Structure formats: C-alpha cells, structure tokens
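Chains as they are written, first to last, in my numbering: chain D, 445 to 595; chain C, -10 to 777.
It should be emphasised that the hints constitute simulated quantities derived from the structure, not laboratory data. Since we're looking at a predicted model, the values are computed, not measured. C-beta: ideal position from N, C-alpha, C; glycine also. Where hints are given, some of them may not hold.
To be clear about the criterion: a stretch of chain C counts as covered by chain D if any three or more of its residues have a C-beta under 8 Å from a C-beta of chain D, and this derived list gives those stretches [unchecked claim]: (1) 86 to 97; (2) 227 to 238; (3) 295 to 302; (4) 443 to 455; (5) 677 to 686; (6) 707 to 719.
Below, a sample of chain D positions facing chain C; criterion: calculated Cβ distance under 10 Å [what the hints assert, rightly or not]: (7) W468; (8) T477; (9) C578; (10) C580; (11) Q582.
Taking CB as the label site, the calculated pair distances span [stated by the list, open to error]: (12) P577(C) - G594(D): 42 to 50 Å; (13) R589(D) - G620(C): 23 to 31 Å; (14) M445(D) - Q313(C): 32 to 40 Å; (15) A586(D) - E568(C): 32 to 40 Å; (16) A586(D) - P732(C): 30 to 38 Å; (17) A626(C) - G512(D): 53 to 61 Å; (18) V341(C) - A586(D): 48 to 56 Å; (19) A626(C) - K559(D): 27 to 35 Å.
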Amino acid sequence: MAIEFTVNGRAVRVEAPGEMPVLWALRDILNLTGTKYGCGIGACGACTIHMDGKAVLGCVVQLREAAGKSITTIEGLDPEGNHPVQKAWAQLGVPQCGYCQAGQIMRAAALLAEKKNPTDAEIDEAMAGNICRCGCYQRIHAAVRLAATGV
Amino acid sequence: MTLQSFVALREGWTPGRAAAALSAAPTALTLSNVSRRSFLEILGLAGTFTVMAPLAAGAYEPYPTGGEAMPRGLVWDPKVFVSIAPDGTVTITAHRSEMGTGVRTSLPMVLADELGADWAKVKIVQAPGDEPTYGNQDTDGSRSMRHHIQTMRVMGAAVRTMLEQAAAKAWGVPPSQVEARVHVVVDKATGRQAGFGELAKAAMDLPVPPIEDLVLKPESAFRYIGKGNVPLYDMKAIVTGTAVYGSDVRRPGQLYAVVARPPVYGGRAKSWDAAAAKAVPGVVEVIEIPGTPEPAAFMPMGGVAVVGKTTWAAIQGREKLNVQWEDGPNASYDSAAYAKRMREIAAKPGKVVRDQGDAEAALAKAAKVYTAEYYQPHMAHASMETPHALAIVAGGRCECWAPAQSPYAVRTDLAKFLGLDPADVTVHVTLLGGGFGRKSKGDFALEAAYLSKAMGGAPVLLTWTREDDLRNSYYHTTSVERIEAGIDEKGKVVAWRHRSVAPTILSTFAPAEHQFAIELGMGLVDNPFDIPNLRCENGAIKNHVRIGWFRSVSNIPRAWAVQSFVCELAHELKRDHKELLLELLGPPRKIDPVAAGIEGELWNYGDPYAVYPIDTGRLRAVVELACEKAGWGRKMAPRTGLGLAVHRSFLTYVASVAEVAVGKDGTVTIPRIDTAVDCGYAANPERIRAQFEGAAVMGQTLCFHSAVTFENGRAQQSNYHDYEMVRMTNFPREVRVHIVPHPFSVPAAGVGEPGVPPIAPAIANAIFAATGKRIRDLPIDTRLLREA
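Construct the complete structure from the given sequences, taking the supplied hints into account.
Following this line, the structure appears as structure tokens:
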C-alpha cells in the first residue's frame, strides 16, 4: 500500500506493507540511515525518532501509524549540528563509537522540547530506554544538562 | 597443538601475538627500520657493537615494541600515509579501525602534531584492508597507540623535515636557517614564509630522510599530543546522523538479507519451506549457505538465507522458513552441567603452566589453607551495531564494505572463500558501531559475499539481527578459577595455587582443550605477587560453542578471581584489604619473567619484557592513587562500602575503587568509581578518560547482568530484554579517571581494554564491605543481597 507522511519537512510516499516498522522504511526505502537498528523490539532506543514532535521508537511504530504524520529523524534535527543537544554532545565529547547517539540525541531533544530544565531523575527516566554499550552515560547525562542550561 | 601450528593455522589475527609469545625473550623480535642502537641498549649490549652509524644530535631512537612482529609489521614510510595538496590540506590515512576508542582521530593527530599541521586543515581517509601497504591493521589487543605512536611521530617528523629541506632549497639557504611552524615553513633570518601547500610538491619529491637523521619535537612544543584538545574527527557526522557504519552502506540496486543459522554449534539445516518465505511480499530469494565443519574458525556457520528488497521483508520471510535442524554433537551443551564439570576439573591437578618454588609442599605444611572458587558465564559482545556487511561479487572481483576490526584478514578470508586472488578483493572499512572483539571475525562478510555471488553479483547487505548476535556469537569463554593460599603461622601468604578451567579460543581454530599462552598470559601466569611458592595450572575441557575474544578476554575471569580472593584473604587474616594487597605485590620491582628464569607459558601481550616489564612499583602506585582519590578507609554508612581491585593488562596498570550502596531489596547503586590508570605515555588523555569511563559501565554490566546460558546446545538469551545492559537509571553516577602522567619516553601501553577487568571485583569487594556477603559467581544475583 502507499503511505504518505512527511520526513524532515519533505512529503514522501512509500509503497510498503502497512505493518512494516517505520525504521525499515526510513533506512531501506528512503535511505535515511541515520536512524539505527539495535534490537527490533523497542528495548534499546537506537531507532528513536520524533513523530509529531514526540519521541517514538522506529522499530515499533508501524508505517500505517505514520500516515499523515510529521517525522523528524537525526538528519533533520539540524543538519549543521547546531541544535543545542548536538552542540552539547560535541562540546562534552559524548560519543565513543557513536552508533547509538542518533537515538540518544533525538530522545534528549524531545525531552528538552517538553521540559526546559529537567531534574536529574527526569533525565534518567527519559533516557532509560536508550542503551549505550560503550557506556557513555555519564557524559550523556551531563550533555543533556548542558543543553538545558545553555551551550 | 603448538603455537607454531596455530600460527600456520590462522594467518591473520594471532601470528604476531603467537610469534611474540614464542619469543618472549626480546632477542627474537625483528627490528627492521628501528634503530638498532636503542634496542641493543635496552638489552645492555650496545657496548659490544663498535660499528654504528653516527646519530644526528638529538636524533630519535625508537624503543622496540611487538609491532614489528605482527603480521606485515609496521610501516614507517610517510609517503604511504601522508599527502599534502597545493591548498595546504594535509591528508592522513587512518589504517586502524574506529570502533569507539577514537583511534581514527588520535593516531593521525600524533602525526599531524609532529608534522606541524594545523588540525583544521587535516583530512583523514580510511585505509582499505591492505597490510602489504600499511602494515598491520588488526585492531584488537589494545595495540593501536602502543604499536603505532612511534611510527606516527617519525612519519610526521620526516614530512616536516622534507618541507624544511624543500624550503631551504627553494630559498638557497642552509636547512638550519629554516623552521617549520604551524602549517608554514619560516626563514628564521629573513622572516619570509611558505605554506605547506606551496612546498608540498617539492617536499614530497625528496627522499624520505632516515630515522637517524630525524629530530623529534620536544614535548613542550606539542600542540595536540598529550593535550586532549582534539575532538573526534567524526563528531559532526555522528551528531548529524551522516556517519557511515557497516549497516549504512547503500549501493544502487542493493538487496537486503538475513540468515537462519543453526541454533547449535555444528548443526545444519535439514529442511525448510522456501516457498512460504518467498510468498512474503518483498522476498526475492531463499539461498542455502553451506556450513563449515567444527572448528569453523571465521568461516560461515551455514544456514538458510532470505534475500529481500528490504531488511524487513527478509526478516519476515525468515520467520516463514520453518527450518528443521540437525543439531550435531553439541546438542546436549548445558551451562549448569558444564559449570559443575568445570568445578570438578578445577578440584584436581591440571597441566602446570607456571611453577615457582614448591607450592604443593608449602600448601601441605601451611598453618592454614584458604580456598575459593570463582565462576563466570559466557558473555556476548552485544555491540550496538550488530554484524553487518555489504558485498558485491561479480566479474571475478569482490568489493566489500564492513565494520571490520581486521580488514586484511577479512580480505584474505574472502579471497580464499571465493577462490579469488586477494588482488581482486577490496575491503572498505566503515565505522564500527562497537566491536569489542566480535568484529575481528569476518564470518559475516563471507556470508554477504556468498549471497551476492548467488544473486548474480547484486549488492547484498547482510544484517545480523540482535537475536542472531546473541544466539550465534563467538562467545567469551566461561570459566572456573580456583585459588588456594597457604598461610604460615605469622599470617603470611607463603603458597599460592591457581587453577583455571575454561574452554579455549584456540578451539575455534583446531581441536583444543587447554588454554594457550595468550590466554594464560592474561592474569594467570603473569601473576605479580611476591609469593615464594606459586603454581598455576590449567585443566582440560572441551568447548561446545565458538569461543572468541571479548574486550579484555581472559583478564575478566582472572581479575574477578584474584582480586576477590585477596579481599577474602584480608578478611580472613583481619587485615586491611589495601595493606594486604600491597604486601602481596611486594616491594617495587620490574619483573622480566624470562630473565628471572620463571618457568611457564609466558606471554607479554606480544611485547618485549625489556620494554614492558611487570612493574610492581606501578601496580602499587595505581593502588595508592585510586585509594587516595576514593578516600580509602573513610567511615561508611550502613550498607555502603568501598571495594578495591588492581590489575595489569595490555601492559597498562589499573586500580579501581568502587563505592556501592546496597538497598534493603538487594539493589546495588554505585555513586562513584575512582580508576587510576598508568598506561605509560598518554597521547590523548581525553579519549583515555572516555575509555575508562565506558569500561566502568561495561564492567558493571558484566558484574550484574551478562550471562549467555545454554540448554540443549541453544543460547537461552535473545535480545536486550533478557541480556540486559546497564542503563541511565543505574549507571555509576561518577567515574573519575586519574591518569598517571609520564613523559613520552615511558612507552605507551593499551587503553581500550584494561579498564574492564578490575571493575567487577571492585564492586563485589565493595558489596562485601557493605553487607558482609561474598559473591563468587558472576553475574551477581542481587536477591542474595536482600536484608534478612
């Protein structure tokens, strides 16, 4: 079936089964590979994207649920890397391998869009769905705080 | 199985390690291109050679490392690694793989600084798998900075010298009158300048000056080396989602594949329903991949592949295959039974792998013998990016893109597998979304190549799903470590016997039931303790899964056992843990076990003991530093405690002190970990800090969560819901990394792995301090820590 939605401000039309997770449509049909596969069961957060401004998991949300929605991926957050979260990530040297960071950044950006100045506990809770196997949590936490307070 | 035959068997990963193991005495190292004088001086032989080319004043004399003994060794030729464009852009080739250590930034940074380049004008290109050109590329064993920091500096200095020579020639002045500064060469007499770009052509046409003519910068002139002020080269690409990992390679007309692999090692597919899979929309083809008989090395396990127009279609198709498996000889593998068997073997004498004094006699007449046994299950790397590769096999050629730790091994394996000349195989190295040892094995690239060939040369991107990654890994070994200490009537430890039982990595390549030197050298036979009677034994046991190396390898179970045991002994002897640990380490001394005549299967991470001895002074110093920073001995609240562990691995000395708080329900939180690191010269302290912060988290994960268990030969875990990771809700809130400063003359040592081993024992020792409960089995079952 054909499903229409917008990605990073661009209208797209995807011919694919409605139950296909948005993750695979982004990666394999639209060639937007910034959104990563990590687990396929909504357990790691590597595929976090924004749908109508809310953080969702690309491996769980089906294509049919995206119909008519506005999706933002890491490529659309700020292609120059000037979003406060991206700037904080760079400033604190957060990434190691970097693979999970698109999901981490999208999750953090959604949190800060909702709550200007989250508490430590709120940061922990919001970011708990995003695994980093390199173990960058200390810097991720500090970078979310930095993005909230000003880079 | 000898090491020599292992070398012959596995041309690619371990020959260097094995060769260096064989030549634990540094005299066997070949030192092409390296100053003979420094080497001879280290051996104390310089005086016996009278004919020696005179060195320029202040000329650099490299110290020898195991780098030269690695396959295809080190390359010191700057024309291979550096080019300068007329606009001044300095392009530096990164030949090691980037999996999160920052090495793709750090090694070029060393070269750039020595060259005098402005980092803003540096471009980095990634080398394909090509060891005849670039030298060894096998990115494992925490070797990149250790083996290549000198080649990078020397090459940088060579290019700088060539630029100066070119400027001097152009201006008709003596070379001593010119000096390279930041991206320019200056005439000191007149002040005139020429940019690197202007001089590039003339400079690069000059012959490369020999090492003995090169004068390296004084450390005081470093702008990047040792500073930690250079951000990751790929930072912007990572934060904007444009960085290309193995999973992200896209070629016109590509197809996507997944493979159903045997759930039991050595099994094979008997039957499957190809029609049902092909009925799934988007599925293009179903292809059997032949298996490889055990030991499978890095060859494909075999199975049934589904190729589709999207990864999703391939995954959906695979679910319809309904494969019937023939399980083969490992179908009864059961982790609980295997652990029992390992314990039985550890209770009996094993093959003696190190013997000093008479441990048997000393144990027999000791006033007291204290014994404990430690267990650690299999683990999987679970890098965030699962194995992926894209291959195009067409027209007698193979082009492959892979997140490969050892791209040249992948290339030669591909050539062998496809029956091609290596010259017709190209392996491009993408970024790695984590490696941890899993991506040292190229099996996934071979699978992709097989499928591309079967699809008539279409580009095929192979994805391992997370389930595949956990069910068909090259697992970290499982082990039982049993230690007995004999204590005399004065309370002094006079005897030590350590038995290790664990399936060996060697079994992935050849039938083998004993661990080999590389594994024995990771925290067993290199025991640094000052105990007169010390014996290490290794019991035989057969593997039932593919065993592979996992970040820090056998150091994990060894540090877990030895560092927990010392804490137990301290309690038994009513001594302060740190005090007893320092007593066991003994007075500061540099141990060269070969020179000391210690008998055993010795291995020093492939590097010479003369350059990298076992230095108990440095072990003591990191213990003191970590304890000082952590406030060792301070009064702790109820159910909180501090725990200490120290371990030398990859030639680096690391001590960690963990602070824990144990809730009434057994939940363990970690407010702080202080890690003291002595890795020799710290070339990029900012990335070193990051590695040790991350290692604390990985150590915590394996301490509480990591276990792949087997029943009926099948892994019981399949994804992050049952193979859990530490998350943002329970990470160590503050990891403080304290790096021991050294000048460049203290050889750089490993950084990527050595942070992991001390963490689990430090945490367990802290839990003991907090609760009085001693946990000897990993992962820690926190239900045992509930308040009664």
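Hint check results:
1. 86 to 97: holds (count 5)
2. 227 to 238: holds (count 10)
3. 295 to 302: Coverage by chain D holds for the stretch 295 to 302 of chain C (4 residues, Cβ < 8 Å).
4. 443 to 455: holds (count 3)
5. 677 to 686: It holds: at least three residues are needed, and the stretch 677 to 686 of chain C offers 7 whose Cβ sits within less than 8 Å of chain D.
6. 707 to 719: Holds, because 8 residues of the stretch 707 to 719 of chain C bring their Cβ atoms closer than 8 Å to Cβ atoms of chain D.
7. W468: 4 Å, holds
8. T477: 4 Å, holds
9. C578: 5 Å, holds
10. C580: 6 Å, holds
11. Q582: At 6 Å from the nearest chain C Cβ, Q582(D) passes the 10 Å test, so the hint holds.
12. P577(C) - G594(D): 42 to 50 Å: 48 Å, holds
13. R589(D) - G620(C): 23 to 31 Å: At 25 Å between Cβs, range holds.
14. M445(D) - Q313(C): 32 to 40 Å: At 34 Å between Cβs, range holds.
15. A586(D) - E568(C): 32 to 40 Å: Given about 36 Å between the Cβ atoms, the range holds.
16. A586(D) - P732(C): 30 to 38 Å: 31 Å, holds
17. A626(C) - G512(D): 53 to 61 Å: 56 Å, holds
18. V341(C) - A586(D): 48 to 56 Å: 50 Å, holds
19. A626(C) - K559(D): 27 to 35 Å: About 32 Å separates the Cβ atoms of A626(C) and K559(D), which means 27 to 35 Å holds.
Consistency with the previously given hints is maintained throughout, with no hint failing.
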